[in-house]
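S.K.: Chain by chain, the residues run as shown.
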Amino acid sequence: MATILEESGFNPEKELKIVGTNPVKHDGLDKVTGRANFGADFFLPGMLYGKVLRSPHAHANIKSIDTSKAEALPGVKAVITRDDLPDIPAGTPGGDMTRNALAREKALYDGHPVAAVAATSEAIAKRALKLIEVDYEVLPHVIDPREAMQPGAPILHDYMRTNGDPDAPDEPTNVTEKMVVETGDVGSGFDAADEVIEMEFDSKPMHQGYIEPQGCVANYSEDGQIDLWCCTQAPFVYRDRLSGMLKVDAAKINVQQSELGGGFGGKTGFYAEPLAIVLSKKASRPVKIVLTRNEVFRGTGPVSGTWSRIKMGCTKDGRITAAEAELVFQSGPYTGSMYFNAPNAMFTRYDLENIHVTAFEVVSNRPKVNSFRAPCVPQIVFGVEGVIDLLAKKIGMDPIDFRLKNAAKEGHTTIYGDTWGPIGFIETLEAAKTCDHYTSPKGDGVGRGIAAGFWFNRGGETSATLQLAPDGTVTIAIGTADVAGSRISIAMMAAEELQIPVDKVRVHMADTNSLGFNRVTAGSRTTYSVGMVVVDSSRQVIKELCRRAAGIWDVPEDGVVFEEGEIRPASSNVGDFEPMSISDICKKTTMSHGPICARSDMNVTGAGPGFGLHISDVKVDEGTGRVDVLRYTVVEDAGKAIHPQQVEGQYQGGAVQGIGWALNEEYVYGEDGRLQNAGFLDYRMPVASDVPMIDTVIVEVPNPKHPFGLRGVGEVPVTPTMACVGNAIGDAIGVRPTSLPMSPPKILEIIEQRDAGK
Amino acid sequence: MAKVHVTTTVNGDEYEFLCEPQQTLVDVLRNELELTGTKEGCSTGDCGACSVTLDGRLVCSCLVLAVECEGKEINTIEGMAQGEQLHPLQRNFLEINGLQCGICTPGILVAAKSLLEKNPDPTETEIRYWLAGNLCRCTGYDKIIRSVQAAAAEMRKG
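Protein sequence lines correspond, in order, to chains A and B.
The letter at position 641 of the first sequence is residue 659 when you use the working numbering, and the numbering goes up by one with no holes.
The letter at position 101 of the second sequence is residue 240 when you use the working numbering, and the numbering goes up by one with no holes.
Hints were generated in silico from the structure; no laboratory data involved.
All of these numbers come straight from a predicted model, not from anything done at the bench.
You can take every hint at face value.
Here are some chain B residues pointing at chain A (derived, C-beta under 7 Å):
no., residue
1, T175
2, G176
3, C181
4, C186
5, A220
6, C240
Here are the simulated lysine-lysine pairs, BS3-like style, with alpha carbons at most 27 Å apart:
no., chain 1, residue 1, chain 2, residue 2
7, B, K142, A, K144
8, A, K411, A, K451
9, A, K411, A, K776
10, A, K776, A, K329
11, B, K142, A, K87
12, B, K142, A, K148
Ideal Cβ placement from N, Cα and C applies to all residues, glycine included.
Chain A on its own, in the form it takes in the complex:
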């Protein structure tokens, strides 16, 4: 299978007519009129309403569950518990998945599903939940990851041993895995340093915060066919995991994704979907489950809380000589935090000879973490870019110059073994240095900070089809989700290749029955990867159009070319034929010679890494500890912005999510291990009045492996944000905060300690 277009056709001189413009996205009209259908907007005749009973305890043995009273309530059609899911061994991916869907031996967090009910109305389902009797034996719990690593800490799983640590004793532990990443010799690197800084940092879990709670409708037919309508970033992954977990052939499961009301990584794994399926099977009717906001906070994936120790050294002239780190990631009750991204990404963007990182993933009694933009990286970059900033200050160097001095260039081999082609880190830093924000005075009492970020960008399994209708217009079926407007970018790339107006192309999200496997929509892979296969399909249909024109004109196939949207004789020697448009050929030959369609299936590689540099100005109220972000600029390399407005939107949205994480957002647990702030009033995401306009600078250093040179742009904009705000606060109050979020109480404490001379 192809992994990339053999000839990308990337040509910086080529004049692009559609790529680089801002057409209105085709899915926009339905979204401004209320017609667009999201996860909760799907209904089937005879549908029941499902509700989930959740553990009120952070850690408890489940001794028994009595559902008889709930089952007897009129209107209740099915009740399910652990006994209704296959018993897959604990500590395996399938075992973890079934246990997270419905607790088996133990409840492992406040909010862990324990039973579910389907009834003729939501009100009856809610009443039935109250009639289910669960006998819990409450156990000691542990939330903080470093406490969970200590000897004597409550153990979540007796079977757990640490992967990747041959020295670990053969006894139960909460540490799932240890990972070491290294290059060079940090000892001699630190010996060569004139300045060394070592600091500790920590961060609390935050939630992806999508506004649309998970919603689905499942329909189980007696022959074993399962239809699932849901909001998801990963319809094919849902299908295949459901297949493994429920022991059903994948071919019998069809997942149709709805519009997606935000995901940011949080809808890459399912929650209530398997429960809706099993309830539907038991009740022989379709079942709808829509989570409440309380359930979203208590039961679905927040990001990892972390602890880190970061040590870096540099010479007086600004060369970083060594970087060392120890990292701890809180994973929820099962493995799966994607913590391994952090050791590989945290220093990557700098050309460093000596690196040593040790990282641990630790289970604890809180919901299973899920991905969030650049999983596990931003909260570690918070520390890295803080140390780098302080080193620059110590040697008296401009912070952008310091980063320029150490920046990786084309040809750099990363710690994970990739050797980079053309990259835009230096161009990004230079654009930041000359942008209006960085060159403007910062104003009285204002702190200014900068920070740099990086993301690998991804490719992966991608399958799409492209069909020409008899009138020559184009439909494209994709199997990835549209998280923010990728459909229009995909339509634009096909239109550019076929040289037709973008309005003649429509992209829709197909169900899993219709296409080959598509990897999850995440990691800034979608516009890159789907663009690649759609350009491939466009080229296939162009070839077929030329073949058919050759047939019509009765000339050799190589006597026909496609130019400026027309199929023409290659030269006057071929003959004197009137050029034909795509629609001319479709109209003439679809009925006689069959439809013109193409499909492309690739395991896409070649994604170009992305880099960003953020600048923020903040004001700190030293009386209350409140931080206001006054001005913010995102400078980032997009390779090529297919739809610049969409790219700006990614930059702006990522930055504001990071500002929320920087200043306010955190999971707060009580002594009892219960989540204290499971609602938008107490889990305070940024609102419109909290933030300024977010200025953007799109840098374009093309990735030549892609036909239009693009790089993914979704993850990078959140990677440096908290570091950037932290550095600005440090500039304002004279002490760089080390704990996320940098909420008013923490800022006040820093100010008090500063004033006490500590």
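On the provided structure of chain A, position chain B as indicated by the hints.
M.R.: Structure of chain B alone, referenced to chain A:
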């Protein structure tokens, strides 16, 4: 408990429905009247996705009981465009890309329309504070604010 009979006007059309006394307006709009353009994001009045107007006043329909709507006039996102004629707010949100995933968009449009009816020339700060009850997680608000500003300018010109 017996259901309650309620007569209201929604987007200019008369509707009659039966509801439980504890059913919220958003529940009835979505599940009884099948007007799913109004979204439910939190059920506690914090996210604004369910914004509608009730006798001209902007409310979170998750905090209003359906029985309170007897004899009242409700306007939702479905009533914002006049046939094929989009409201200037809708058009500007499309042109300026004031939406990404679109889940908060109906609530934000209803809230912004309500603002411009009261204040046709709001400052950026006034727009930001008026929309502070409508959460958006995708856009960072920048293009939302610009879309409202552009629509307001267009509407002032008439």
